[in-house]
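Chains as they are written, first to last, in UniProt numbering: chain R, 1 to 443; chain Z, 1 to 443.
Check each hint, because a few of them may be wrong.
It does not matter which identical chain is meant; a pair holds if it fits inside one copy or across any two.
Derived SDA-like pairs: lysine to any residue, alpha-carbon spacing no greater than 20 Å straight-line [what the hints assert, rightly or not]:
#  : residue 1 : residue 2
1  : 40        : 90
2  : 197       : 137
3  : 40        : 91
4  : 251       : 433
5  : 190       : 63
6  : 257       : 195
7  : 40        : 123
8  : 290       : 181
9  : 197       : 146
10 : 317       : 146
11 : 290       : 343
If you are wondering where the hints come from, they were derived from the structure by calculation, not from laboratory data.
Listed here are the chains, written in short residue letters.
2 protein chains.
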Amino acid sequence: MAERRRLHLGAFMRPTTIHTGAWRYPGAYPDANFNFAHLKRFAQTLEAAKFDAFFMADHLAVLNMPVEALKRSHTVTSFDPFVLLPALAAVTERIGLVATASTTFEQPFHVARRFASLDHLSGGRAGWNIVTTSNPDAALNFGLDEHMEHDERYRRAREFYDVVTGLWDSFADDAFVRDVESGIFFDPDKMHVLGHKGPYFSVRGPLNVARPVQGWPVIFQAGASEAGRQLAAETAEVVFAGFSGLEDGRKVYADIKGRLDRLGRSRDHLKIMPGAFVVVGDSVEEAREKRARLDSLVHYDSAIASLSIALGHDVSKLDPDAPLPDLPQTNASHTGRERAIELARRENLTVRQLAQRLGGYSGLAFVGTAQTIADEMEEWLVTEGSDGFNIMFPFLPEGLDDFVAKVVPELQRRGLFRTDYEGTTLRDHFGLPRPGNRFFAAP
Amino acid sequence: MAERRRLHLGAFMRPTTIHTGAWRYPGAYPDANFNFAHLKRFAQTLEAAKFDAFFMADHLAVLNMPVEALKRSHTVTSFDPFVLLPALAAVTERIGLVATASTTFEQPFHVARRFASLDHLSGGRAGWNIVTTSNPDAALNFGLDEHMEHDERYRRAREFYDVVTGLWDSFADDAFVRDVESGIFFDPDKMHVLGHKGPYFSVRGPLNVARPVQGWPVIFQAGASEAGRQLAAETAEVVFAGFSGLEDGRKVYADIKGRLDRLGRSRDHLKIMPGAFVVVGDSVEEAREKRARLDSLVHYDSAIASLSIALGHDVSKLDPDAPLPDLPQTNASHTGRERAIELARRENLTVRQLAQRLGGYSGLAFVGTAQTIADEMEEWLVTEGSDGFNIMFPFLPEGLDDFVAKVVPELQRRGLFRTDYEGTTLRDHFGLPRPGNRFFAAP
Numbered sequence: 001m002a003e004r005r006r007l008h009l010g011a012f013m014r015p016t017t018i019h020t021g022a023w024r025y026p027g028a029y030p031d032a033n034f035n036f037a038h039l040k041r042f043a044q045t046l047e048a049a050k051f052d053a054f055f056m057a058d059h060l061a062v063l064n065m066p067v068e069a070l071k072r073s074h075t076v077t078s079f080d081p082f083v084l085l086p087a088l089a090a091v092t093e094r095i096g097l098v099a100t101a102s103t104t105f106e107q108p109f110h111v112a113r114r115f116a117s118l119d120h121l122s123g124g125r126a127g128w129n130i131v132t133t134s135n136p137d138a139a140l141n142f143g144l145d146e147h148m149e150h151d152e153r154y155r156r157a158r159e160f161y162d163v164v165t166g167l168w169d170s171f172a173d174d175a176f177v178r179d180v181e182s183g184i185f186f187d188p189d190k191m192h193v194l195g196h197k198g199p200y201f202s203v204r205g206p207l208n209v210a211r212p213v214q215g216w217p218v219i220f221q222a223g224a225s226e227a228g229r230q231l232a233a234e235t236a237e238v239v240f241a242g243f244s245g246l247e248d249g250r251k252v253y254a255d256i257k258g259r260l261d262r263l264g265r266s267r268d269h270l271k272i273m274p275g276a277f278v279v280v281g282d283s284v285e286e287a288r289e290k291r292a293r294l295d296s297l298v299h300y301d302s303a304i305a306s307l308s309i310a311l312g313h314d315v316s317k318l319d320p321d322a323p324l325p326d327l328p329q330t331n332a333s334h335t336g337r338e339r340a341i342e343l344a345r346r347e348n349l350t351v352r353q354l355a356q357r358l359g360g361y362s363g364l365a366f367v368g369t370a371q372t373i374a375d376e377m378e379e380w381l382v383t384e385g386s387d388g389f390n391i392m393f394p395f396l397p398e399g400l401d402d403f404v405a406k407v408v409p410e411l412q413r414r415g416l417f418r419t420d421y422e423g424t425t426l427r428d429h430f431g432l433p434r435p436g437n438r439f440f441a442a443p
Numbered sequence: 001m002a003e004r005r006r007l008h009l010g011a012f013m014r015p016t017t018i019h020t021g022a023w024r025y026p027g028a029y030p031d032a033n034f035n036f037a038h039l040k041r042f043a044q045t046l047e048a049a050k051f052d053a054f055f056m057a058d059h060l061a062v063l064n065m066p067v068e069a070l071k072r073s074h075t076v077t078s079f080d081p082f083v084l085l086p087a088l089a090a091v092t093e094r095i096g097l098v099a100t101a102s103t104t105f106e107q108p109f110h111v112a113r114r115f116a117s118l119d120h121l122s123g124g125r126a127g128w129n130i131v132t133t134s135n136p137d138a139a140l141n142f143g144l145d146e147h148m149e150h151d152e153r154y155r156r157a158r159e160f161y162d163v164v165t166g167l168w169d170s171f172a173d174d175a176f177v178r179d180v181e182s183g184i185f186f187d188p189d190k191m192h193v194l195g196h197k198g199p200y201f202s203v204r205g206p207l208n209v210a211r212p213v214q215g216w217p218v219i220f221q222a223g224a225s226e227a228g229r230q231l232a233a234e235t236a237e238v239v240f241a242g243f244s245g246l247e248d249g250r251k252v253y254a255d256i257k258g259r260l261d262r263l264g265r266s267r268d269h270l271k272i273m274p275g276a277f278v279v280v281g282d283s284v285e286e287a288r289e290k291r292a293r294l295d296s297l298v299h300y301d302s303a304i305a306s307l308s309i310a311l312g313h314d315v316s317k318l319d320p321d322a323p324l325p326d327l328p329q330t331n332a333s334h335t336g337r338e339r340a341i342e343l344a345r346r347e348n349l350t351v352r353q354l355a356q357r358l359g360g361y362s363g364l365a366f367v368g369t370a371q372t373i374a375d376e377m378e379e380w381l382v383t384e385g386s387d388g389f390n391i392m393f394p395f396l397p398e399g400l401d402d403f404v405a406k407v408v409p410e411l412q413r414r415g416l417f418r419t420d421y422e423g424t425t426l427r428d429h430f431g432l433p434r435p436g437n438r439f440f441a442a443p
């Protein structure tokens with residue numbers, strides 16, 4: 001009998017919680033995003049729970065939102081991933097460390113060098129989340145008046161990836177002999193000068209860092225659009241996508257794994273890990289109350305303005321504590337409008353509750369006990385909706401501590417999650433192969 | 001009576017030792033540049049000795065040298081400063097952490113954000129060594145066929161500095177109120193949108209990081225050329241220059257401090273710290289023997305080829321173990337040629353010894369006992385040759401451990417060096433003022 005498939009768990013830690021009301025939750029650390037002592041404690045707790053990875057998204061600008069909402073946002077200040085993750089590498093031993101780096105606003109030589117350095121420093125625990133940066137405000141911080149258009153960003157990303165992986169292969173794995181007697185530090189026949197010239201980049205190389213411990217750091221991608229999914233199928237080893245529910249998840253899962261088949265890649269060599277917001281209670285009711293309390297901390301004035309835009313109808317004059325009435329048809333985006341109305345009906349939400357839910361976090365969520373959450377995760381795994389989850393904690397530290405103390409042991413009891421690390425590298429945790437060097441045969 | 005001036009000490013740690021034979025020295029760690037366990041141990045040892053700063057130079061390419069020399073060089077693989085220094089920040093508490101970042105091949109938004117992040121993460125210990133990158137091979141790794149010319153690099157550097165410091169001032173020091181009750185995370189009236197548009201950069205801002213602990217991280221520069229010295233006088237707080245000897249040092253010291261006078265800056269607000277290679281023995285003779293042994297580990301074939309170039313005369317056919325004979329006049333650079341001949345005469349070196357000295361390290365060096373080294377350092381301080389030194393260790397760990405165990409206590413005994421840190425930030429260590437925010441009055 002084949003070994004049972006197990007879940008992979010990442011922690012989505014930038015922002016430490018995606019929920020806009022979280023910093024006001026009782027017992028929360030309002031500065032969790034930007035206090036190294038807290039972040040160190042979180043990473044060590046996640047490592048003790050045997051998480052695969054600590055995952056850092058990134059933004060290259062203060063988020064473009066109205067000032068009334070912005071001034072309430074705990075995301076406005078946070079560490080650069082390439083400062084936080086090396087620091088966490090120094091105070092952890094096994095957990096993977098995944099940093100986002102933009103192919104639109106970075107240079108491939110810098111990116112190759114930083115990830116190679118992090119991989120060496122951490123003993124093979126680095127992962128690169130490739131993003132093309134969709135926030136047009138970022139362009140204004142990098143000398144571009146107009147944001148690069150979507151398809152061009154993806155063409156550039158593909159070439160960027162080719163350059164970075166080529167630079168990682170600058171040295172054979174056994175190039176550094178360090179022979180004190182003869183005085184030979186490395187074998188120059190085992191150094192490759194890349195000499196890349198393409199439409200977007202001209203990069204000579206070689207990299208001034210030895211080949212990474214993992215050969216290449218693990219490649220992550222979000223991969224939502226058509227171009228994004230294809231880039232992911234060609235290059236990614238972990239896809240971290242935002243799925244709205246199991247039905248949607250199974251569709252995307254089948255689509256991406258199907259692309260692997262057509263490319264001749266093994267289905268096991270790309271893991272699909274949707275983001276999931278998890279609220280744990282000792283009863284389902286308690287979990288729902290926690291979520292309702294959290295949502296209630298979202299500022300109503302900002303939330304109702306956003307809801308009016310989503311519905312294409314000014315709902316700010318309605319009774320906030322009554323159910324959402326039937327609304328006339330409008331020109332608002334159908335998807336957003338229908339999703340909001342459907343959510344209000346399904347959970348029987350008042351106007352205020354609906355506004356605050358959408359203003360806080362409204363994507364994929366598991367809200368319940370350790371048992372019901374493990375049930376849902378198991379269903380996703382067994383029915384091929386995902387290979388695991390990138391967990392978003394509702395508030396810190398309580399939401400993280402609850403997940404680790406309650407959900408992880410339940411998953412372990414069911415044989416759905418490891419009880420200890422079985423290897424030392426991030427590739428080991430995911431069961432991913434170590435890439436060969438394109439320029440040198442294995443020693 | 002005014003308090004006695006004291007020395008400032010930095011450790012020049014990239015490469016961990018600049019001497020090309022160092023990795024072959026008995027007891028040395030051949031991989032010291034690239035082994036985090038060693039580097040952590042070095043940083044903690046330097047902190048226990050109360051060093052001001054751990055300083056990391058940088059190269060954005062494998063050094064351009066003939067392959068016969070390159071394959072013997074321990075510098076070919078080393079960590080990116082922005083991976084190593086955050087990791088060291090997590091395992092130290094007081095020592096300053098100075099990273100080199102190039103204004104020619106980086107973007108100001110990234111640089112501002114990384115240094116601000118490092119300053120917060122380390123509790124105010126970050127320093128930025130501004131370089132314009134003189135290695136033309138670096139340009140080839142960043143899509144430029146030709147290296148930017150010297151004066152243009154300096155004009156770009158000056159604008160880069162203005163943008164970075166402007167981004168550091170994006171928020172008033174008291175902008176982040178995090179008022180849980182009202183839900184206000186920060187005061188938007190205390191956020192400044194930079195809106196910089198200049199010849200080289202267009203950067204909107206604001207930075208997505210709170211103002212650094214130090215206001216601005218401490219600014220370091222090498223400042224050797226005329227343009228470099230002027231940029232240093234206008235912007236730098238520590239100048240790390242390469243001086244050949246005390247006479248040269250006093251000239252450059254007077255020149256740079258004079259520029260400060262003319263700019264209306266206090267002489268105390270820019271510290272001059274030349275690099276100094278220090279070999280410690282229990283007797284002067286023992287120290288000289290250590291250095292001779294170290295020099296003897298430089299590969300003769302590479303060294304004699306370089307010496308021939310420096311002298312403008314093929315000396316490879318001469319008896320390597322005889323003194324350097326008189327040589328006919330040539331077209332070789334007078335400075336290099338005369339310096340080599342003068343060195344051979346002064347120290348009575350054979351051809352081999354001269355070649356290996358120049359191939360290893362031939363700049364400012366203090367070779368002697370703790371007493372003679374402290375005498376020399378004191379003379380530099382008292383006669384205004386420098387405000388301290390950036391120490392280059394001849395080999396690791398012995399050279400570093402000897403300096404800390406023998407020279408530091410002798411300097412402390414004389415009252416020339418602190419016996420404990422008196423503050424927590426790098427500015428505190430140097431006695432530098434915290435810059436005001438150009439957009440907001442102090443709270």
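Verification of the supplied hints:
Taking the shortest Cα distances, residue 40 and residue 90 sit within 20 Å of each other both inside one copy (10 Å) and across copies (9 Å). In the homo-oligomer, the alpha carbons of residue 197 and residue 137 lie at most 20 Å apart only across protomers (15 Å), although the nearest pairing inside one protomer, at 29 Å, exceeds that limit. In this homomeric assembly, residue 40 and residue 91 come within 20 Å of each other (Cα to Cα) both inside a single copy, at 7 Å, and across copies, at 12 Å. Taking the shortest alpha-carbon separations for residue 251 and residue 433, neither the intra-copy value of 26 Å nor the inter-copy value of 60 Å comes in at or below 20 Å.
Only between protomers do residue 190 and residue 63 lie at most 20 Å apart by alpha-carbon distance; the minimum there is 16 Å, versus 45 Å within a single protomer. Taking CA atoms no more than 20 Å apart as the test, residue 257 paired with residue 195 passes in neither setting, with 34 Å inside one copy and 45 Å between copies. When the C-alpha separation of residue 40 and residue 123 is checked against a cutoff of 20 Å, the pair qualifies both within a copy, at 18 Å, and between copies, at 15 Å. In this assembly of identical chains, the alpha carbons of residue 290 and residue 181 lie at most 20 Å apart only when taken from different copies (18 Å versus 66 Å within one copy).
In this assembly of identical chains, residue 197 and residue 146 lie within 20 Å of each other by CA distance solely across copies; the values are 15 Å between and 25 Å within a copy. Taking the shortest Cα distances, residue 317 and residue 146 never come within 20 Å of each other, neither inside one copy (38 Å) nor across copies (63 Å). When the C-alpha separation of residue 290 and residue 343 is checked against a cutoff of 20 Å, the pair qualifies only within one copy, where the shortest distance is 18 Å, while the shortest distance between copies is 77 Å.
Violated hints, in rising order: 4, 6 and 10; the structure is consistent with all others.
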